Amino acid sequence: MARLLDVTDLITRFYTEDGVVHAVNGISYSLDEGESMALVGESGCGKSVSVLSIMRLIPSPPGRIDGGKVIYNDRDLLAISNEEMRTIRGREIAMVFQDPMTSLNPVLTIGRQMTEGLKLHLGMNDSQAKSRAAEMLEMVGIPGAADHLSDYPHQFSGGMRQRVMIAMGLSCNPSLLIADEPTTALDVTIQAQIVELVKQLQAKLGMAIIWITHDLGVVAGMVEKVAVMYAGYIVEMAPVNELYKHHRHPYTMGLLDSLPKLDQKHRERLATIKGLPPDLLSEPKSCPFAPRCPYVINQCWEENPPLMPSGPDHFTACWRFEVMRDDMHFGDKI
Amino acid sequence: MSEANGREILVEVKNLKKYFPIMRGVLRRQVGAVQAVDGVTFNIYKGETLGLVGESGCGKSTTGRTILQLLTPTAGHVKFSGTDLTTLNKSDMRKARRDMQMIFQDPYASLNPRLSIGSIIGEPLQINNIGDTNSRKERVSELLKIVGLNPFFINRYPHEFSGGQRQRIGIARALATNPSFIVADEPISALDVSIQAQVVNLLDDLSTELGLTYLFIAHDLSMVRYISDRVAVMYLGRIVELSDRDGIFDLPLHPYTQALLSAIPIPDPEKEGKRQRLILEGDVPSPANPPKACRFHPRCSYATEICSQEDPEFRNAIAEGPEHWVACHHAEKFM
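Listed in order, the protein sequences are those of chains A and B. Counted from 1, the first sequence has number 254 at position 254 by this note's numbering; the numbering is strictly sequential. Counted from 1, the second sequence has number 1222 at position 222 by this note's numbering; the numbering is strictly sequential.
Okay, chain A solo, but in the shape it has when bound (with noise of 0.2 Å):
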């Protein structure tokens, strides 16, 4: 498979009046066409940011992209002119965002905002963009979606709202699709639903995925790698099943034996990560995950650890990965 998408030493940071806010502090990934990768960590510890860095989408000031570089399809995005960018996004590169309550405009019909990006990137006619935008709630699952062109988004669900967005980002047919939690919104009836729509969509037209989220749960069945996120750097990065089954990371460990298991029969205390995520005010010398980290060493605390080898495509941000074990849980002794 060609390389979609290679992010390196991506740096965002935020001026503001109570200092500088270290957000993506120099993470690197890549992606290749058709591949499917999920962004995983709490609030706060850069997920979002890093997408939008990506779409140059980072209110500037007080946000600024300070060092990186992000090659798509041989060309650097965070080099390129605006007006290029602009051709890209939307047209190569869509975004589904996390709320389809407030990323709809309240006062134009589904039709208006879903012909405007065809007319602008496609070049189609009114009744062209018309009837691919039906064409795209029908694939969605929206029945009857030619009438539905003229309502507005009041009269549609939370679900229907977010199909209706999935619909509008991929009617350009992009080759890279970002989600940023695309189901939080949502109930877990309609998150099952909109999980399953992606999946079959990304089978039928072979773009690529990065999906967003904090939940490990949602994320399992359906990518084939993942990046673990905390304060701003990725701390652990591997294919799917390696990363549930071979974690070597303590704060994904952790992450995993906070969620209570629904075969857990019996009714074990669930794990806890003590403390909180850290202040991004300050660019942390040592881990930052070391002042809520069960294993710290002091080698934690006098260097940050960059991402190691640690397996098969498996890489982990921890000085201690090697003497980590599978059948161990978060907190156990080692």
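No lab work stands behind these hints, which were simulated from the structure alone. This structure is a prediction, so every number in the text was calculated from the model and none was measured. Backbone N, C-alpha and C fix where the C-beta goes; we use that ideal spot for every residue, glycine too. Take these hints with a grain of salt, some might be off.
Claimed, not checked - Derived contacts from chain B toward chain A, CB cut-off under 8 Å, selection only:
(1) S1222
(2) Y1226
(3) D1268
(4) L1280
(5) D1283
Said to hold, decoys possible - Below, simulated BS3-like cross-link-like pairs (lysine-lysine); rule was C-alpha separation at most 30 Å, straight line:
(6) K333/A <-> K245/A
(7) K1137/B <-> K274/A
(8) K1014/B <-> K1079/B
(9) K130/A <-> K199/A
(10) K69/A <-> K285/A
(11) K333/A <-> K1145/B
(12) K1095/B <-> K1017/B
(13) K261/A <-> K274/A
(14) K1145/B <-> K1095/B
(15) K1079/B <-> K1095/B
(16) K261/A <-> K333/A
(17) K274/A <-> K333/A
(18) K1271/B <-> K245/A
(19) K1271/B <-> K199/A
(20) K261/A <-> K1271/B
(21) K1046/B <-> K1079/B
(22) K204/A <-> K119/A
(23) K1046/B <-> K261/A
(24) K1274/B <-> K1333/B
(25) K1017/B <-> K1079/B
(26) K245/A <-> K1274/B
(27) K1014/B <-> K1095/B
(28) K1145/B <-> K274/A
(29) K1292/B <-> K1017/B
(30) K1090/B <-> K1079/B
(31) K1274/B <-> K261/A
(32) K1271/B <-> K204/A
(33) K333/A <-> K1271/B
(34) K1274/B <-> K204/A
(35) K285/A <-> K333/A
(36) K1333/B <-> K261/A
(37) K1274/B <-> K199/A
Said to hold, decoys possible - If you anchor each label on the Cβ, the simulated ranges turn out as follows:
(38) E135/A <-> S1056/B: 25 to 33 Å
(39) N1316/B <-> S150/A: 44 to 52 Å
(40) R1156/B <-> T184/A: 26 to 34 Å
Given the structure of chain A, go ahead and fit chain B onto it with the hints provided.
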């Protein structure tokens, strides 16, 4: 206090209804009603945690609020320790409220940003004229310690705390008057994953230490399985299934419960890959105009003629062993 199966009943809910009127036109005539809660009946035993689950808009929060009389019920009764709350006047109700408190979903919206933590937690004591200034202050420090916060924080303001810490403050406020019953309305859904476990463990410890009884409202079934002794599943204003935890999770008898369970993602790619998913189609119908007869029949894959004609009775479907209540004509098929 009444008893059932040798267990003391703390809260007895009988045929509780809450309709919200829909007004239209210049004269604000009532043209219909949103049937948010439409005849729910259940008991909460002393010392247990009853989980109440369902999708948004199914009436689970309204049920919690109507039990506490924060909303006046349209019909039905709520007995608390033998007293019928629906017949109490305002001042008696206020006294009764000491014994029942609420923890809210959004820790950002449920704390007054202009009050210090000490005033927020002390407010229930002040309103109920419990103790004097000094003893209240002592009680607030004690409460902060109970929920795992430093009593030193007493003069700080809500914005200085993280979401998880704020939820602890909300819990401390609920505990201030020493209640025996707490309605927790989605207390963890606004929190990050690693913080959710902290708050759930705290609630769990408190129930053992202080002998609390919870109505735990949530849409996250895996967390409900973890914390509840019994679970009630709601759909469009009605309870469709009620059983002990293992009954609901190991032998769900209502197709809606089965669909809910199958929608939960499992954090394990192998199991997730093998799994046969039962995906519900469409959305929840509007509670202003719910389907006739069985409310789930338009989305149910097992529906037959009877389902669109007769309302299924909410009945105990299992003759022996723990009670397992279900409202489905075809429950026997799933045993």
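Against the structure, the hints:
| no. | hint | in the structure |
| --- | --- | --- |
| 1 | S1222 | holds (5 Å) |
| 2 | Y1226 | holds (4 Å) |
| 3 | D1268 | holds (6 Å) |
| 4 | L1280 | holds (5 Å) |
| 5 | D1283 | holds (5 Å) |
| 6 | K333/A <-> K245/A | holds (19 Å) |
| 7 | K1137/B <-> K274/A | holds (28 Å) |
| 8 | K1014/B <-> K1079/B | holds (8 Å) |
| 9 | K130/A <-> K199/A | holds (25 Å) |
| 10 | K69/A <-> K285/A | holds (23 Å) |
| 11 | K333/A <-> K1145/B | holds (28 Å) |
| 12 | K1095/B <-> K1017/B | holds (24 Å) |
| 13 | K261/A <-> K274/A | holds (20 Å) |
| 14 | K1145/B <-> K1095/B | holds (26 Å) |
| 15 | K1079/B <-> K1095/B | holds (15 Å) |
| 16 | K261/A <-> K333/A | holds (22 Å) |
| 17 | K274/A <-> K333/A | holds (16 Å) |
| 18 | K1271/B <-> K245/A | holds (12 Å) |
| 19 | K1271/B <-> K199/A | holds (17 Å) |
| 20 | K261/A <-> K1271/B | holds (12 Å) |
| 21 | K1046/B <-> K1079/B | holds (13 Å) |
| 22 | K204/A <-> K119/A | holds (24 Å) |
| 23 | K1046/B <-> K261/A | holds (27 Å) |
| 24 | K1274/B <-> K1333/B | holds (24 Å) |
| 25 | K1017/B <-> K1079/B | holds (14 Å) |
| 26 | K245/A <-> K1274/B | holds (16 Å) |
| 27 | K1014/B <-> K1095/B | holds (22 Å) |
| 28 | K1145/B <-> K274/A | holds (16 Å) |
| 29 | K1292/B <-> K1017/B | holds (17 Å) |
| 30 | K1090/B <-> K1079/B | holds (16 Å) |
| 31 | K1274/B <-> K261/A | holds (17 Å) |
| 32 | K1271/B <-> K204/A | holds (24 Å) |
| 33 | K333/A <-> K1271/B | holds (28 Å) |
| 34 | K1274/B <-> K204/A | holds (21 Å) |
| 35 | K285/A <-> K333/A | holds (26 Å) |
| 36 | K1333/B <-> K261/A | holds (27 Å) |
| 37 | K1274/B <-> K199/A | holds (15 Å) |
| 38 | E135/A <-> S1056/B: 25 to 33 Å | holds (31 Å) |
| 39 | N1316/B <-> S150/A: 44 to 52 Å | holds (50 Å) |
| 40 | R1156/B <-> T184/A: 26 to 34 Å | holds (30 Å) |
Comparing the model with each earlier hint shows no violations; every hint is respected.
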